[in-house]
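Protein sequence lines correspond, in order, to chains A and C.
Numbering follows our numbering, in which position 158 of the first sequence is assigned residue number 219; successive positions increment by one, without gaps.
Numbering follows our numbering, in which position 117 of the second sequence is assigned residue number 228; successive positions increment by one, without gaps.
Hints are computed from structural coordinates only; laboratory data are not their basis.
This structure is a prediction, so every number in the text was calculated from the model and none was measured.
Note that the Cβ used here is the ideal one computed from N, Cα and C, for glycine as well.
It is possible that some hints are incorrect.
[As the list claims (entries may be wrong)] A partial selection of chain A residues facing chain C, derived with a Cβ cut-off under 8 Å:
(1) Pro318
(2) Leu322
(3) Met399
(4) Ser435
(5) Gly437
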Amino acid sequence: MKAFRLLRRNFEHGVHPAHHKQQTENLPIQRVPFGKDYLMPLGQHIGVPAQAVVTAGEKVRRGQLIAKPGGFVSTGLHSPVTGTVKAVGDFRGVDGRFAPAIEIEADSFSTQQVDVNAAIDWQSLSLEEFIEAVQMAGIVGMGGAAFPAHVKLSVPDGVKIRHLLINGAECEPYLTTDHRLMLERPEALLEGAEIMRQKLGAEETVIGVEMNKPDAIEILRQHIKPDQPIRVVPLKVKYPQGAEKMMIKSVFDVEVPAGQLPRDVEVNVNNVGTIVAVADYFLRGMPLIERVVTVAGPGVTYPANLIVPLGTPVRDVVKFCGGLKPGSREIIMGGPMMGRPIASLDAPILKGCSGVLVFTEEQTARRKEYPCISCGRCLEACPYFLNPSRLARLSKSRMFDEMKDYHVFDCVECGCCTFACPSNIPIVQLIRTAKDDLTHRKEPEA
Amino acid sequence: MKKRDPDLLLFPAPLLQQGMTTPRAMRDVLYALAPATLASLWFFGLSAVLILGACIIGAVLAEWLFADRSARTESLRDASGVLTGLFLGLTLPPGLPLWMAFLGGFVAISLGKVIWGGLGHNLFNPALLGRAFLLATFPIAMTTWVPTTGDSGFFSIYPGNLALPFMQAQIDGVTSATPLGMLKFDQVVTPLADLAFGNVSGSLGETSGLLLLLGGIYLWMRRDLDWRIPVSILLTVTIFSAALGIFDAERFPTPLFSVFSGGLLLGAFYMATDPVTSPVTPKGAWIFGIGVGVLVMLIRVFGGLPEGVMYAILLMNAATPLIDRYTQPTVFGRGDKSS
Numbered sequence: 062m063k064a065f066r067l068l069r070r071n072f073e074h075g076v077h078p079a080h081h082k083q084q085t086e087n088l089p090i091q092r093v094p095f096g097k098d099y100l101m102p103l104g105q106h107i108g109v110p111a112q113a114v115v116t117a118g119e120k121v122r123r124g125q126l127i128a129k130p131g132g133f134v135s136t137g138l139h140s141p142v143t144g145t146v147k148a149v150g151d152f153r154g155v156d157g158r159f160a161p162a163i164e165i166e167a168d169s170f171s172t173q174q175v176d177v178n179a180a181i182d183w184q185s186l187s188l189e190e191f192i193e194a195v196q197m198a199g200i201v202g203m204g205g206a207a208f209p210a211h212v213k214l215s216v217p218d219g220v221k222i223r224h225l226l227i228n229g230a231e232c233e234p235y236l237t238t239d240h241r242l243m244l245e246r247p248e249a250l251l252e253g254a255e256i257m258r259q260k261l262g263a264e265e266t267v268i269g270v271e272m273n274k275p276d277a278i279e280i281l282r283q284h285i286k287p288d289q290p291i292r293v294v295p296l297k298v299k300y301p302q303g304a305e306k307m308m309i310k311s312v313f314d315v316e317v318p319a320g321q322l323p324r325d326v327e328v329n330v331n332n333v334g335t336i337v338a339v340a341d342y343f344l345r346g347m348p349l350i351e352r353v354v355t356v357a358g359p360g361v362t363y364p365a366n367l368i369v370p371l372g373t374p375v376r377d378v379v380k381f382c383g384g385l386k387p388g389s390r391e392i393i394m395g396g397p398m399m400g401r402p403i404a405s406l407d408a409p410i411l412k413g414c415s416g417v418l419v420f421t422e423e424q425t426a427r428r429k430e431y432p433c434i435s436c437g438r439c440l441e442a443c444p445y446f447l448n449p450s451r452l453a454r455l456s457k458s459r460m461f462d463e464m465k466d467y468h469v470f471d472c473v474e475c476g477c478c479t480f481a482c483p484s485n486i487p488i489v490q491l492i493r494t495a496k497d498d499l500t501h502r503k504e505p506e507a
Numbered sequence: 112m113k114k115r116d117p118d119l120l121l122f123p124a125p126l127l128q129q130g131m132t133t134p135r136a137m138r139d140v141l142y143a144l145a146p147a148t149l150a151s152l153w154f155f156g157l158s159a160v161l162i163l164g165a166c167i168i169g170a171v172l173a174e175w176l177f178a179d180r181s182a183r184t185e186s187l188r189d190a191s192g193v194l195t196g197l198f199l200g201l202t203l204p205p206g207l208p209l210w211m212a213f214l215g216g217f218v219a220i221s222l223g224k225v226i227w228g229g230l231g232h233n234l235f236n237p238a239l240l241g242r243a244f245l246l247a248t249f250p251i252a253m254t255t256w257v258p259t260t261g262d263s264g265f266f267s268i269y270p271g272n273l274a275l276p277f278m279q280a281q282i283d284g285v286t287s288a289t290p291l292g293m294l295k296f297d298q299v300v301t302p303l304a305d306l307a308f309g310n311v312s313g314s315l316g317e318t319s320g321l322l323l324l325l326g327g328i329y330l331w332m333r334r335d336l337d338w339r340i341p342v343s344i345l346l347t348v349t350i351f352s353a354a355l356g357i358f359d360a361e362r363f364p365t366p367l368f369s370v371f372s373g374g375l376l377l378g379a380f381y382m383a384t385d386p387v388t389s390p391v392t393p394k395g396a397w398i399f400g401i402g403v404g405v406l407v408m409l410i411r412v413f414g415g416l417p418e419g420v421m422y423a424i425l426l427m428n429a430a431t432p433l434i435d436r437y438t439q440p441t442v443f444g445r446g447d448k449s450s
């Protein structure tokens, strides 16, 4: 029975949005030219913001450390360009709020050579030193959440990681960054995977790829050496296949218990981009100062897969792609299902930004909302088996505390419910409102 | 420079959505009912048109009168009022006075839907509530069944249709018993072929079993109905009557007779599956369907009425919030815990 279910390579529920990847899936990754203004927010990752170690007026080289980790759940930050620090202070972030950041003006006459310290002898590092190196290199989860990678690597005593799972599902529509990385840099991916696996002491590496990328599956299989304990697992095309708990369910047929982490079922999950970043750092000494970004969507003139230095304004990226088409109304950073809208074209590209998607009137038109008729389509969509219909009703009545009984905090906000709702009810948005209220609410003083 | 570009929206993700909308789902049900509706015109002629029309006009008028003034056209456009009227009409006897049909449609929407807060908030299926109202108010007219028009042609009208409001209805035409009534009170079994193709007396929509089945399959393919509900109802009825048949094959109906007679198919595929008044959880749908099936058979076999689909569904409607409450799906990763 279990073998049969393993053959299905699936998790239950989920939705099937049109994947829209045709725009960019066959376009090789290009490098955008360096511009002038760069803005590096100190809180590009989940956790404590980094602390600036440079001051205004200081000259910085490309790849130089400009901010050190502000705590354990925090990472280093490096200058994406050679130039001068213009200011360290509060700037408008991606969502339009003010947040601390470092503004750097690139030196137009510099060659922008990376300040590389050559390869690091990673084999001689102890696990603690390795984890610290990953933290200083500023490596975070590149799939979108930007969770510091070293935190995932630090497993408590007694917990053993048996499987290293590499997430190449890329289930979000439009995005093709992981797809292109697997096609163009399979060696780097496999090298990085080997470094991670050996340092974690895992038995095997599994690369999960959705079946709509047969070329990537093929090329990875060609590059795996016979003696390497690495296998590529094709997965059913379904959203959210790339959510780590769903992928663990698909690959190993194990449910990660609610409130626990993948490490509790002996798995460590990392995105393809993260693994390539690890390889770049340990084999070439290159910290995380740039990333691959898919620029696509109906509002982009020339869609592309680009290597963009972090901190580049979206304005420059869009300009490189021929500018916005008339009628563009919204820009999403990340995927169309879970990404975040940006308030201004001056917003910088961040570590967790896998896509810049431009949408037009058609996608952003507010659809007429009808009453919930309890059709149950959201229950059939929710990969976590929640009751979104109930949660949305409770949230509309502002009965946030009752929502805890319906496990509102198990929701990962994948958006399947809103996608599936025929009454156009913004279910996941209502759930977000409730979670936000429950987490940030100030209890009245007793 | 550092200012928000005026033309950028901040509409939160997900921006993608599938194409199905609630009004479209409602219209799907109308399409699914079209064959059975046409069949009722075929069997009962102009009277069917008049009855269905009176019900729909009553329902839409109530919708229009009581709807929020600003949302008036919207609530008419989502087709739920027309659908309720059509549902009600299909459950009525063809010889019913038209003013009663009109009143039924009006009550179905006003007391069945609007008073609860409109679409999505009602506890009971509005069409069946309207029918229950008519049955309680006009028990004789509601249980007077006429034979199909047969040779007299499409344009013949049952005399009962034209009775004036609040006058004693003159029921002097030919009357005829439904297959379930014949079985219950006269122990006469109707041939199965007549049941399946609808050549029997009964209410407008419950006569043509196969066409109802066809529409149900269409709805299932469009994913507009929860397949668990009709499947569990029909399975329960089949098993129940098969079990009865073991005791006394002469007295109790065969499973096929039970499934194809009366309003069971209409109820199982179209009334019980009304998403608003049936449980939203998959487990709840099974419980709901089994409950309807058991109640139908209990009423038919042991109760005083020949037919019990309407009361069975209404009773289970009342239990729906309770069922929903106790059948919440097991959340991912919480399977082992007892809570």
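Minimum Cβ distance from Met399 (chain A) to chain C below 8 Å?
holds (6 Å)
Would the stated hint for Leu322 (chain A) survive a check requiring a Cβ distance to chain C of less than 8 Å?
Result: violated, 11 Å to nearest chain C Cβ.
Less than 8 Å between beta-carbons is the criterion; does Gly437 (chain A) satisfy it with respect to chain C?
holds (5 Å)
Classify the hint on Pro318 (chain A) as holds or violated, based on whether any CB of chain C lies nearer than 8 Å to its CB.
holds (5 Å)
Using the nearest Cβ pair, does Ser435 (chain A) come within less than 8 Å of chain C?
At 4 Å from the nearest chain C Cβ, Ser435 (chain A) passes the 8 Å test, so the hint holds.
When the structure is compared with the earlier hints, a violation turns up for hint 2 alone.
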